Amino acid sequence: ELKVEQNPLFLSMQEGKNYTIYCNYSTTSDRLYWYRQDPGKSLESLFVLLSNGAVKQEGRLMASLDTKARLSTLHITAAVHDLSATYFCAVDMSRSGGSNYKLTFGKGTLLTVNP
Amino acid sequence: NAGVTQTPKFRILKIGQSMTLQCAQDMNHNYMYWYRQDPGMGLKLIYYSVGAGITDKGEVPNGYNVSRSTTEDFPLRLELAAPSQTSVYFCATSSWTSGYTFGSGTRLTVV
Numbered sequence: 019e020l021k022v023e024q025n026p027l028f029l030s031m032q033e034g035k036n037y038t039i040y041c042n043y044s045t046t047s048d049r050l051y052w053y054r055q056d057p058g059k060s061l062e063s064l065f066v067l068l069s070n071g072a073v074k075q076e077g078r079l080m081a082s083l084d085t086k087a088r089l090s091t092l093h094i095t096a097a098v099h100d101l102s103a104t105y106f107c108a109v110d111m112s113r114s115g116g117s118n119y120k121l122t123f124g125k126g127t128l129l130t131v132n133p
Numbered sequence: 016n017a018g019v020t021q022t023p024k025f026r027i028l029k030i031g032q033s034m035t036l037q038c039a040q041d042m043n044h045n046y047m048y049w050y051r052q053d054p055g056m057g058l059k060l061i062y063y064s065v066g067a068g069i070t071d072k073g074e075v076p077n078g079y080n081v082s083r084s085t086t087e088d089f090p091l092r093l094e095l096a097a098p099s100q101t102s103v104y105f106c107a108t109s110s111w112t113s114g115y116t117f118g119s120g121t122r123l124t125v126v
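Chain order of the listed sequences is A and B.
When the letters of the first sequence are read in order and numbered with my numbering, they come out as residues 19 to 133.
When the letters of the second sequence are read in order and numbered with my numbering, they come out as residues 16 to 126.
Simulated from the structure, these hints should not be mistaken for laboratory data.
Bear in mind that the values here come from a model prediction, so they are computed numbers and not experimental data.
Glycine included, C-beta positions come from ideal geometry on N, C-alpha and C.
Be aware that a few hints might be false.
Cut-off 25 Å, straight-line C-alpha distance, at most; resulting in silico cross-link-like pairs (DSS-like, lysine-lysine) [stated by the list, open to error]:
hint, chain 1, residue 1, chain 2, residue 2
1, A, LYS125, B, LYS59
2, A, LYS21, B, LYS72
3, B, LYS59, A, LYS21
4, A, LYS21, A, LYS125
5, A, LYS74, A, LYS86
6, A, LYS125, A, LYS35
7, B, LYS72, B, LYS59
8, B, LYS24, A, LYS59
9, A, LYS35, B, LYS59
10, A, LYS59, B, LYS59
11, A, LYS74, A, LYS35
12, A, LYS21, A, LYS74
13, B, LYS29, A, LYS125
Have a look at the derived ranges for each label pair, beta carbon to beta carbon [as the list claims (entries may be wrong)]:
hint, chain 1, residue 1, chain 2, residue 2, range
14, B, GLY18, A, LEU20, 19 to 29 Å
15, A, PRO26, B, GLU74, 30 to 40 Å
16, A, LYS35, B, GLY68, 47 to 57 Å
17, B, THR20, A, LEU27, 23 to 33 Å
18, B, VAL75, A, ASP56, 22 to 32 Å
19, B, ASN80, A, LEU20, 19 to 29 Å
20, A, LYS35, B, THR20, 38 to 48 Å
21, A, THR46, B, THR112, 19 to 29 Å
Chain A stretches covered by chain B per the calculated footprint, using a threshold of three residues with CB under 8 Å from any CB of chain B [stated by the list, open to error]:
hint, stretch
22, 53 to 66
23, 123 to 130
Based on the provided sequences and hints, a complete structural model is requested.
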């Protein structure tokens, strides 16, 4: 059974600071996703990481994937209040041949950025 | 292009009542999913479908049923609602090229 662990689960940051959220998973996977969720809202896709060494950046967020270590990171640079949200990583248990299967989610990291 | 549409958005049920959560997609995706989200627990898979007529259990299927008679629709049925089913329910679709698309969610309270 695939297990996805995120840490920390709660993160309180000051504006302007940097921090990293970690996502470990237990078995081989083809794809790793990062999502953002605002209170009362649905999930917003941030990044899809497809291969070992993949790095993607959007604004103050950068995600990376190490498939050998089964580890993904979401790095926050110079945090601003608008980044306050819950961030989820999710791992796709894909079959060979490129067929999607299903997502297994971490518990999420509640990020609060304080002025 | 609506994507994934869930109805209703909110519902309050009494213990023992039944209801169906509706999910419709216009993306022509074969894969569809139902997840539930409880506070601090992430999303857990209830049921999924790989195409019309084919469904399978996820991690937390007890107390729920699904059917998939068309590509577009994937309703989730709650029989004999219990307080433990109070949650936010998300429907999603996926394809290899476009990834996962989530609906806006249904917030269900069982009292």
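Checked hints:
A distance of roughly 10 Å separates the Cα atoms of A:LYS125 and B:LYS59; the hinted pair therefore holds under the 25 Å criterion. The hinted pair formed by A:LYS21 and B:LYS72 meets the criterion: a straight-line CA distance of about 17 Å does not exceed 25 Å. A C-alpha spacing of about 12 Å is found between B:LYS59 and A:LYS21, which places the hinted pair at or below 25 Å, so the restraint holds. With a CA separation close to 10 Å, the supplied pair A:LYS21 and A:LYS125 stays within the 25 Å bound.
Restraint check: the Cα-Cα separation between A:LYS74 and A:LYS86 comes to about 18 Å, which is no more than 25 Å; the hinted pair holds. Distance check on the hinted pair: A:LYS125 and A:LYS35 sit about 24 Å apart at the alpha-carbon level, within 25 Å; holds. At roughly 11 Å between alpha-carbon atoms, B:LYS72 and B:LYS59 fall within 25 Å of each other, so this suggested pair holds. Using a Cα cut-off of 25 Å, the hinted pair B:LYS24 and A:LYS59 holds, with the two alpha carbons roughly 11 Å apart.
Taking the CA atoms of A:LYS35 and B:LYS59, the gap is near 32 Å; set against the 25 Å cutoff, the hint is violated. The straight-line distance between the Cα atoms of A:LYS59 and B:LYS59 is roughly 17 Å, inside the 25 Å bound, and the hint therefore holds. Among the hinted pairs, A:LYS74 with A:LYS35 is consistent with the structure: their alpha-carbon atoms are about 20 Å apart, no more than 25 Å. Proximity of A:LYS21 to A:LYS74 is assessed by CA-CA distance (about 23 Å); at most 25 Å being required, the pair is judged to hold.
A threshold of 25 Å between alpha carbons decides the hint, and for B:LYS29 with A:LYS125 the separation of about 29 Å lies outside it, so the pair is violated. Between B:GLY18 and A:LEU20, the C-beta spacing of about 27 Å keeps the proposed range 19 to 29 Å intact. About 24 Å separates the C-beta atoms of A:PRO26 and B:GLU74, a value inconsistent with the hinted range of 30 to 40 Å. Judged by the Cβ atoms, the range 47 to 57 Å given for A:LYS35 and B:GLY68 holds: they are separated by roughly 52 Å.
Between B:THR20 and A:LEU27 the beta carbons are some 32 Å apart, a value that agrees with the proposed interval 23 to 33 Å. The hinted range of 22 to 32 Å is satisfied by B:VAL75 and A:ASP56, whose Cβ atoms lie roughly 24 Å apart. The hinted window of 19 to 29 Å between B:ASN80 and A:LEU20 holds, with their beta carbons roughly 25 Å apart. As the Cβ distance of A:LYS35 to B:THR20 is approximately 40 Å, the hint placing it in 38 to 48 Å holds.
Between A:THR46 and B:THR112 the C-beta distance comes to about 22 Å, which sits within the given range of 19 to 29 Å. Chain B is given as covering the stretch 53 to 66 of chain A, and this holds because 5 residues of the stretch bring a CB closer than 8 Å to a CB of that chain, at least three being needed. Check result for the stretch 123 to 130 of chain A against chain B: holds, 4 residues qualifying (beta carbon to beta carbon below 8 Å, three or more required).
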